[in-house]
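A.B. asks: Letter by letter, the chains look like this.
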Amino acid sequence: MTVGEELYKLVAELYPICRSITGDGVRRTLEVVGREIGGLEVHEVPTGTRVLDWTVPREWNVRDAWVANATGERVIDFRASNLYLVSYSAPVRATMPLAELKQHLFTLPDQPDLVPYRTSYYAERWGFCASQRLVDSLPEGDYEVCVDSTLADGYLTYGEHLVEGQTTDEVLVSCHVCHPSLANDNLSGIVVASRLARMLGEGRRPRYSLRFLFIPGTIGSITWLARNEDRIDRIRHGLVLSGVGDPGGFTYKRSRRGDAEIDRTVAHVLRHSGRPHRVVEFSPYGYDERQFCSPGFDLPVGRLSRTEFATYPEYHTSADDLDLVGPAQLQESLEVCREVMEVLEGNGRYLNLSPKGEPQLGRRGLYGEIGGRSDAEERQMAMLWVLNLSDGNHSLLEVAERAGLRFALVADVASALEEAGLLSRTAGG
Amino acid sequence: MTVGEELYKLVAELYPICRSITGDGVRRTLEVVGREIGGLEVHEVPTGTRVLDWTVPREWNVRDAWVANATGERVIDFRASNLYLVSYSAPVRATMPLAELKQHLFTLPDQPDLVPYRTSYYAERWGFCASQRLVDSLPEGDYEVCVDSTLADGYLTYGEHLVEGQTTDEVLVSCHVCHPSLANDNLSGIVVASRLARMLGEGRRPRYSLRFLFIPGTIGSITWLARNEDRIDRIRHGLVLSGVGDPGGFTYKRSRRGDAEIDRTVAHVLRHSGRPHRVVEFSPYGYDERQFCSPGFDLPVGRLSRTEFATYPEYHTSADDLDLVGPAQLQESLEVCREVMEVLEGNGRYLNLSPKGEPQLGRRGLYGEIGGRSDAEERQMAMLWVLNLSDGNHSLLEVAERAGLRFALVADVASALEEAGLLSRTAGG
Amino acid sequence: MTVGEELYKLVAELYPICRSITGDGVRRTLEVVGREIGGLEVHEVPTGTRVLDWTVPREWNVRDAWVANATGERVIDFRASNLYLVSYSAPVRATMPLAELKQHLFTLPDQPDLVPYRTSYYAERWGFCASQRLVDSLPEGDYEVCVDSTLADGYLTYGEHLVEGQTTDEVLVSCHVCHPSLANDNLSGIVVASRLARMLGEGRRPRYSLRFLFIPGTIGSITWLARNEDRIDRIRHGLVLSGVGDPGGFTYKRSRRGDAEIDRTVAHVLRHSGRPHRVVEFSPYGYDERQFCSPGFDLPVGRLSRTEFATYPEYHTSADDLDLVGPAQLQESLEVCREVMEVLEGNGRYLNLSPKGEPQLGRRGLYGEIGGRSDAEERQMAMLWVLNLSDGNHSLLEVAERAGLRFALVADVASALEEAGLLSRTAGG
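Chains as they are written, first to last, in this note's numbering: chain A, 1 to 429; chain B, 1 to 429; chain C, 1 to 429.
Source of the hints: derived by calculation from the structure; they are not laboratory data. It cannot be assumed that every hint is accurate.
Intra- or inter-copy, both count: the list cannot distinguish identical chains.
Unchecked claim - 20 angstroms max Cα-Cα, derived DMTMM-like pairs, lysine to aspartate or glutamate:
no.	residue 1	residue 2
1	Lys102	Asp142
2	Lys356	Glu377
3	Lys9	Glu31
4	Lys102	Asp136
5	Lys102	Glu261
6	Lys102	Glu124
7	Lys102	Asp113
8	Lys356	Asp391
9	Lys356	Asp233
10	Lys356	Glu418
11	Lys356	Asp53
12	Lys9	Asp321
13	Lys102	Glu140
14	Lys356	Asp298
15	Lys9	Glu144
16	Lys356	Asp230
17	Lys356	Glu308
18	Lys9	Glu332
Taking the hints into account, I'd like the entire structure generated from these sequences.
C.D. replies: Encoded structure:
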């Protein structure tokens with residue numbers, strides 16, 4: 001099985017679970033994530049806890065929910081798909097005529113075969129989602145409605161995993177775990193982040209500590225930020241992952257800073273990936289980058305997606321299912337994340353120790369070294385660029401960008417030059 | 001009558017008056033302006049007064065001027081149009097053959113039906129302007145010439161009007177009043193500035209004090225600058241108005257600074273106006289922005305015109321008449337000026353008082369507030385942008401520009417957020 | 001004879017000489033250069049001298065070299081063209097079969113009629129260059145090989161010429177003298193630099209001291225830099241000249257700084273030259289700008305060429321001969337260099353002494369002055385631009401660039417304004 005197929009299998013395993021911003025669906029999801037990573041710290045934050053400007057809400061859980069017609073037949077059934085129930089629906093048991101029922105039904109008239117995804121976290125109400133076609137087919141008459149849910153004091157649950165690095169400087173990877181049966185948004189993000197965490201924990205100890213968050217959207221990031229306010233300044237770079245399983249090209253949304261190292265890094269990796277992509281400016285709308293990039297934190301956190309949310313027809317509908325995402329896409333997304341991590345890890349500033357004129361590379365075997373390589377000319381150019389720009393003012397990523405070369409090549413020749421005693425890494429670099 | 005029709009009527013009233021850089025034509029024009037605004041301070045500066053590098057010239061007035069043929073018939077007659085006489089023509093009474101007369105006649109060979117506009121302020125001479133067709137039709141013979149003018153010690157006259165604001169920081173609006181019967185250049189500017197002064201004086205007291213100048217070109221702005229040198233630094237923003245009545249799209253010429261708030265403001269207003277327009281870089285040639293933007297003052301003063309001067313065939317000819325300008329254009333120009341003033345007035349920097357994470361807008365009714373509005377989504381985006389960028393470093397105009405939203409919407413939600421206690425205006429903002 | 005024809009004649013005179021990075025060919029070339037300039041300081045640096053990270057190599061000289069077939073006929077003969085011998089070939093005298101000989105033969109299979117140019121400065125070996133067609137025609141059999149060269153302790157030779165200026169601030173002009181019979185690369189650069197040195201030495205004493213270098217590539221500039229390290233900071237601007245005789249448009253390669261005065265100057269001159277040209281960014285590959293722009297020196301030195309090296313088919317082949325270069329191109333290149341020197345020489349910052357409002361130019365005859373000139377309007381614009389931007393922050397070149405006018409015109413009106421007492425040159429300007 002390819003890595004992509006393994007990721008896809010994990011999406012399929014997580015797909016049926018009824019997640020929301022709180023409740024047992026999140027807990028079950030985090031169990032799977034923990035199993036995949038090989039360990040996950042799960043946090044439970046009590047209802048009513050003040051978190052920044054917000055308050056942790058009551059916990060929501062559902063046993064069953066349905067709408068039945070006069071003959072007792074379930075015409076809408078939560079057991080068939082958790083999308084049928086408006087998330088955070090309050091408990092109800094009632095019989096009502098069709099007209100009254102319809103005030104609680106949500107459809108997509110323009111996509112009459114699809115079921116929408118709807119929530120009502122902060123206004124207490126109940127409702128069902130259904131296809132327009134189904135609602136149109138309902139005959140007049142009385143309907144029995146049952147939402148067997150609990151909305152009670154409990155906890156907000158989130159997961160956190162740290163790959164300890166050589167320093168306490170951190171790279172943050174965050175994804176949301178609050179969506180029910182939607183595959184791209186965001187099971188794709190969850191499985192890619194999980195695998196990334198496992199992979200990076202297995203190799204040699206990285207320079208940065210790598211922090212992975214599996215949190216409910218908005219209230220989850222706000223809760224995490226509130227509980228970690230005094231450690232926020234350790235975050236050097238960050239990435240929100242969402243919607244990374246669909247077949248579209250990549251979208252990278254810059255951090256609020258606009259030109260942070262993470263912004264230049266992801267743009268570089270995508271540019272050299274040969275894959276279709278676009279890099280868009282920051283805007284204060286979207287996923288949890290909204291919170292990380294609020295002006296009081298202003299963290300260098302961007303977002304990686306494939307097709308931008310809300311611009312594809314399956315978005316937030318029952319069509320965001322196991323057909324929308326695919327193994328190859330998941331693997332590609334993981335690969336981009338891995339390369340981003342490699343650039344962040346390998347980037348730094350160097351000093352040319354022989355900065356006056358070019359050093360004689362031939363004498364040191366640095367021409368000879370490349371004699372037999374098919375990429376000899378490109379390597380030689382990379383060496384000249386690294387030597388020329390290693391004045392302490394240019395990071396390797398900046399060298400790569402200016403030279404129009406891949407970071408990996410530039411980092412590789414920098415190592416060779418360092419070994420030859422021609423380069424040294426700067427203290428802060 | 002629409003506002004545009006009222007402005008057009010005023011252009012028509014001012015059109016026959018013989019204006020120049022000094023003289024009774026300017027005085028009569030300023031009387032009308034004063035009547036329109038409801039008050040105007042008129043300044044008289046004596047001939048010979050040193051103003052910066054210049055000297056106030058002698059005052060020029062004309063009783064009559066004509067060229068008559070051998071039968072005594074006036075073939076060129078100042079009473080028919082003041083354009084026929086070269087402005088500042090010295091008095092003369094003489095009879096001369098056609099050949100000699102022609103040395104004093106100015107025509108437009110490429111536009112043979114039009115009469116040019118010519119001046120000779122600083123070299124004492126006399127001359128007439130006429131259509132090429134008329135000059136070609138003059139038979140050989142003697143002609144009698146009469147310029148019954150005076151060129152004598154007197155005054156340079158200009159008008160000034162201040163709408164007092166809450167602060168002594170000023171917005172300057174300046175237009176030239178020295179052109180004779182030319183409608184677009186610059187009766188259009190005069191009537192738009194007059195009406196703007198009246199409108200802005202009628203509402204609530206503005207934050208800025210608004211200073212309106214009605215001055216002869218070049219020597220007038222130099223005189224005003226010389227007499228107000230110690231108060232120049234009160235000017236925060238300024239606009240020269242000229243040629244704002246023709247049917248062309250708008251032209252905004254940036255101040256010498258190039259990126260002053262007035263520059264960004266007018267560009268923003270024009271961009272969102274839906275009207276054709278262009279924004280051009282500063283150059284040291286043009287109208288009185290030349291003086292305001294001389295390096296010793298370097299004031300943030302731009303110029304608003306419609307079609308750029310000297311690029312339309314009617315420019316500085318008898319075709320710049322009441323047919324070239326129109327009520328709709330005048331009203332549109334006034335509207336642009338009004339919006340510019342509103343942006344300057346409303347612009348400022350704010351601080352997000354809940355900058356860590358997004359504040360919970362729903363709890364404060366700021367989502368509810370917008371529930372019933374058709375522009376709900378745009379308002380919500382505007383709120384998120386204002387909250388995200390209100391870190392004291394971005395003015396509302398900068399927020400609007402970055403968000404791609406109209407200033408008015410951004411200012412409106414900023415007020416709502418301020419009322420909700422989420423925002424406060426910075427001291428210097 | 002035109003100047004271009006004189007330059008071409010000089011190329012033809014230098015063409016047959018066998019130059020390399022050391023040896024008598026360089027000495028003979030420098031003799032001719034010295035004769036042309038009317039004086040040249042020739043430096044001899046002993047083999048083994050440490051120069052920065054390098055060591056001056058042994059000196060190479062050739063008496064004869066050939067490959068003869070079994071009948072004693074010379075099939076490859078150094079006397080026919082010095083390109084036939086790999087530069088720095090070690091002495092050899094041997095007989096060998098064709099297969100073994102071929103390991104020492106260099107050809108251009110894609111350009112079968114041309115002889116390549118090859119060197120082996122730092123790896124001791126011997127070799128011949130030939131056309132593919134010739135090699136293909138060689139029958140099997142034994143061949144006698146003779147390289148009658150010496151590779152022995154001696155000297156590295158380079159030439160230097162200083163036109164003393166009013167200050168010790170220097171403009172550096174450098175060209176390489178190490179290529180054998182290649183006309184464009186770089187006899188064109190040598191003859192243009194020589195003539196430029198003569199021309200600029202003949203007129204009035206320039207503001208800058210002008211230093212001309214005639215040096216072997218790489219090792220020559222490294223040697224010069226090593227020997228002049230303590231005087232390097234006198235260099236204010238510099239230009240490497242190479243490949244300036246071919247019929248292509250101009251290429252200017254910016255200095256490492258990217259926006260040095262030399263970069264803006266050459267771009268300005270080329271833009272106003274009406275000649276096809278392109279300006280390319282710095283890269284650490286190319287001619288001696290690599291050394292001048294190494295990070296430890298980072299001198300403001302760009303490179304002027306016509307067609308960029310290695311992008312034309314004749315490059316480093318026997319086709320870079322007297323047919324590739326032409327009198328008109330050489331003269332044009334000289335003219336561009338001369339104009340560049342004029343801009344550097346005339347550039348400076350001025351202060352408008354009447355900065356408040358425009359000074360009254362008419363009173364000073366500065367309008368009158370231009371009355372009869374066909375370029376009156378452009379001159380007037382130039383004056384207004386110079387006055388407006390002469391605030392001590394803009395050099396004349398910057399004024400010219402912003403105004404879109406030729407530097408010569410801007411400098412000319414600046415002189416007129418200085419004479420009129422309206423402008424003064426700043427101390428540092």
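A.B. asks: Hint by hint, say whether it matches the structure.
C.D. replies: Consistency of the hints with the structure:
1. In the homo-oligomer, the alpha carbons of Lys102 and Asp142 lie at most 20 angstroms apart inside one protomer (11 angstroms), although the nearest pairing across protomers, at 99 angstroms, exceeds that limit.
2. Neither within a single protomer nor between protomers do Lys356 and Glu377 lie at most 20 angstroms apart by alpha-carbon distance, with minima of 23 angstroms and 50 angstroms respectively.
3. For a Cα distance limit of 20 angstroms, the shortest separation of Lys9 from Glu31 inside one copy, 16 angstroms, qualifies, whereas the shortest one across copies, 80 angstroms, does not.
4. Taking CA atoms no more than 20 angstroms apart as the test, Lys102 paired with Asp136 passes inside one copy only; the shortest distance there is 10 angstroms, against 87 angstroms between copies.
5. When the C-alpha separation of Lys102 and Glu261 is checked against a cutoff of 20 angstroms, the pair qualifies neither within a copy, at 51 angstroms, nor between copies, at 53 angstroms.
6. Within a single copy, Lys102 and Glu124 get their C-alpha atoms as close as 18 angstroms, which meets the 20 angstroms cut-off; across copies the closest is 89 angstroms, which misses it.
7. With identical chains, the CA atoms of Lys102 and Asp113 are at most 20 angstroms apart within one copy only, with a shortest distance of 17 angstroms there and 76 angstroms across copies.
8. In this assembly of identical chains, the alpha carbons of Lys356 and Asp391 lie at most 20 angstroms apart only when taken from the same copy (11 angstroms versus 38 angstroms across copies).
9. Taking identical chains as interchangeable, the C-alpha atoms of Lys356 and Asp233 lie at most 20 angstroms apart only when they sit on different chains, with a minimum of 13 angstroms there against 39 angstroms within one chain.
10. In this assembly of identical chains, Lys356 and Glu418 lie within 20 angstroms of each other by CA distance solely inside one copy; the values are 17 angstroms within and 43 angstroms between copies.
11. When the C-alpha separation of Lys356 and Asp53 is checked against a cutoff of 20 angstroms, the pair qualifies only between copies, where the shortest distance is 8 angstroms, while the shortest distance within a copy is 57 angstroms.
12. Taking identical chains as interchangeable, the C-alpha atoms of Lys9 and Asp321 lie at most 20 angstroms apart only when both belong to the same chain, with a minimum of 13 angstroms there against 68 angstroms between chains.
13. In this assembly of identical chains, the alpha carbons of Lys102 and Glu140 lie at most 20 angstroms apart only when taken from the same copy (11 angstroms versus 97 angstroms across copies).
14. For the homomeric pair Lys356 and Asp298, the shortest alpha-carbon distance between copies (9 angstroms) is at most 20 angstroms, but the shortest distance inside one copy (40 angstroms) is not.
15. Neither within a single protomer nor between protomers do Lys9 and Glu144 lie at most 20 angstroms apart by alpha-carbon distance, with minima of 37 angstroms and 73 angstroms respectively.
16. In this assembly of identical chains, the alpha carbons of Lys356 and Asp230 lie at most 20 angstroms apart only when taken from different copies (13 angstroms versus 45 angstroms within one copy).
17. Within a single copy, Lys356 and Glu308 get their C-alpha atoms no closer than 48 angstroms, and across copies no closer than 26 angstroms, so neither meets the 20 angstroms cut-off.
18. In the homo-oligomer, the alpha carbons of Lys9 and Glu332 lie at most 20 angstroms apart inside one protomer (16 angstroms), although the nearest pairing across protomers, at 63 angstroms, exceeds that limit.
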